[in-house]
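Chain by chain, the residues:
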Amino acid sequence: MSSVPAIEIRNLFKSFGPLEVLKGIDFSVAQGEVVAVIGPSGSGKSTLLRCVNLLETPDSGEIKIEGFNILDPDCDVDKVRRKIGMVFQLFNLFPHLTVLENLTIAQRKVLKRSDEESEAVARKNLERVGLLNMIERYPGLLSGGQKQRVAIARALSMDPDMMLFDEVTSALDPELVGEVLDAMRVLADEGMTMMAVTHEMEFARQVADRIVFMDGGVIVEQGPPAQIIDNPQHERTRKFLRAVAQED
Amino acid sequence: MFSGGLAKKQRQTRIRWTIYATSIALIALLAFIADWPNLQKTLANPDVAASLFPDIILLAARNTLIFTAVGFTGGFVIAMTMALMRISKIRVFRIVSTVYIEVLRGLPLLLTIILIGLGLPIGIAGFRQMPIFWRGVIALALVTGAYMAETIRAGIESVPPGQNEAGRSLGLSKSQTMRWIVLPQALRTIIPPLTNEFVILIKDTSLISVLGVTASTKELTRFAREGVISNANATPLIVAGLVYLALTIPLTQVARRLETKTGRV
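Protein chains in written order, with the working numbering: chain A, 1 to 248; chain B, 1 to 265.
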């Protein structure tokens, strides 16, 4: 089983109207692997991530999750998504539900867990991100970093096989970025399969097993962090890394 | 070069006092030429007013509220169905709900009530057996449902798309996400407009009186009209008006308070 890639993408194309965003992507993530996807805005990296759990429907190509072709008409998208946790740039916590209810609603409705079991799972995952004391609060009362950690705990409560992170620190104040990256680092250490679209080069360098650089709807180059960051082969990669370094 | 402000302010004060003086003169004139004893006797006659109680509350206002409550409940069910059809991916659903909403919002309520209450029974035999109460309620529900459908649709569309994506990415199905994530947030934002719709419905129940009366359909307006005829006096209209206001004004205040409250969240 572990020889089957967690995510396997072949020749993926996606357009929004006249704008072609993905131009033939071949890409895979092994089980237990942590992949950071970097690239300038508009490079298609978020679209690629969103295709993995079919928040975007590709125009053509193949996406296999644990060997199963999820673009097959017979595929039950809801069952695929249970296996894939996703964390969003803007948190997308449910504001009308408490932190606890945010973590239990899908467990109860989708996995049919009992109230007691789902609460136990929620507590365990809140503890993992260090927010058990916020369990009764409504999301509106949390800081951005706390919201994002709750969002991570919410995704984990479904016991996913892999996690997708879509620029999860981009909307945070700089001083709150660290706590979210720490939570992700812990997950990576535990062996979670992760695909993270990110601007955090330090995170990519320290945590990722592989960095994928995208530009203009194609993968320009990929490899171990040290190789991509310190010794990029392509001019476009160098240019991007210089621009990012200047921002910091 | 900026002078002249004082003259401007004086001019404004002069205009304001002219308006005050004219208004007071007009009111004084009306008060002088009005036949007060007669007005009081025909519009605010305490004996006539007293004779209206307790029926105006226990019968008429009660029937008004029953019409409103049943009509609103039916209308809400229709509205929810139509709103969900309106945002459906299935084109036929969208067309049916759009036509429904546009037609019923485009017709005068009075015409719709007469059409359903008196017109349909002429054409369709089954309707003739239906009590006037239900004919009236159905007409009200159909129309208020069309208005509320647009309100509910707007409420659903006001929920950020990220909420839907978060629900779906957790494995909730489309309908589960609608039921547990989107609708609770949508309904919260549309409680004030729905309250306003309820207030409008309280007033619109008066139109049912055109269908004729049975004991169960004698609502406030009909009750007042009959009071006018049997007493040869207009006081019942004034009293009924006050009863309407006692129902509607508190509700509009509640709606206003809810509006500022939801605006805060």
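Heads up, a few of these hints could be off.
What the hints assert, rightly or not - Computed cross-link-like contacts, PhoX-like style, restricted to lysine-lysine with a CA-CA straight-line distance of at most 20 Å:
hint : chain 1 : residue 1 : chain 2 : residue 2
1    : B       : Lys-174   : A       : Lys-112
2    : B       : Lys-174   : B       : Lys-89
3    : B       : Lys-218   : A       : Lys-79
4    : B       : Lys-174   : A       : Lys-83
5    : B       : Lys-174   : A       : Lys-109
6    : A       : Lys-109   : A       : Lys-79
Claimed, not checked - Under 7 Å between C-beta atoms, here's a sample of chain A residues computed to sit facing chain B:
hint : residue
7    : Asp-59
8    : Ser-60
9    : Met-86
10   : Leu-90
11   : Thr-98
12   : Leu-100
13   : Ala-106
14   : His-234
15   : Arg-236
Said to hold, decoys possible - Okay, the calculated bits of chain B under chain A, using three or more residues with CB under 8 Å as the criterion:
hint : region
16   : 143-153
17   : 179-191
Since the hints were made in silico from the structure, they are not lab data.
Beta carbons: idealized from backbone N, C-alpha and C, even for Gly.
Structure-based check of each hint:
With a C-alpha separation of about 17 Å, the suggested pair Lys-174/B and Lys-112/A falls inside the 20 Å cut-off, and the hint holds. Distance hint between Lys-174/B and Lys-89/B is fulfilled; the C-alpha atoms sit about 12 Å from each other, no more than 20 Å. With a C-alpha separation of about 57 Å, the suggested pairing of Lys-218/B with Lys-79/A is violated against the 20 Å cut-off. Between Lys-174/B and Lys-83/A the CA atoms are separated by roughly 17 Å; this keeps the pair inside 20 Å, and the hint holds.
For the hint linking Lys-174/B to Lys-109/A, the alpha-carbon distance of about 12 Å falls within 20 Å, and the restraint holds. Taking the CA atoms of Lys-109/A and Lys-79/A, the gap is about 13 Å. The hint holds against a cut of 20 Å. Taken as an interface hint, Asp-59/A does not check out: its beta carbon lies about 18 Å from the nearest beta carbon of chain B, beyond 7 Å. Of the supplied interface hints, the one on Ser-60/A is violated, with its beta-carbon coming no nearer than about 21 Å to a beta-carbon of chain B, more than 7 Å.
Interface hint status for Met-86/A: upheld, as the beta-carbon distance to the closest one in chain B is roughly 4 Å, under 7 Å. For Leu-90/A, the interface hint holds, since its Cβ comes within 7 Å of a Cβ in chain B; the closest pair sits about 6 Å apart. Annotation: Thr-98/A was flagged as interfacial toward chain B, and the flag is violated, the nearest CB pair being 13 Å apart, outside 7 Å. At its closest, the beta carbon of Leu-100/A sits 15 Å from a beta carbon of chain B; the interface hint therefore is violated under the 7 Å criterion.
This hint holds: Ala-106/A has a C-beta 4 Å from the nearest C-beta of chain B, less than the 7 Å allowed. A least Cβ separation of about 33 Å between His-234/A and chain B goes past the 7 Å threshold, and the interface hint is therefore violated. About 30 Å separates the beta-carbon of Arg-236/A from the nearest beta-carbon of chain B, more than 7 Å, and the hint is not met. Three residues within the 8 Å Cβ limit are the bar, and the region 143-153 of chain B against chain A gives 0, so the coverage statement is violated.
Counting residues of the region 179-191 of chain B whose C-beta lies closer than 8 Å to any C-beta of chain A gives 5; at least three are required, and the coverage claim holds.
The structure fails to meet hints 3, 7, 8, 11, 12, 14, 15 and 16 from the earlier list, while all remaining hints are met.
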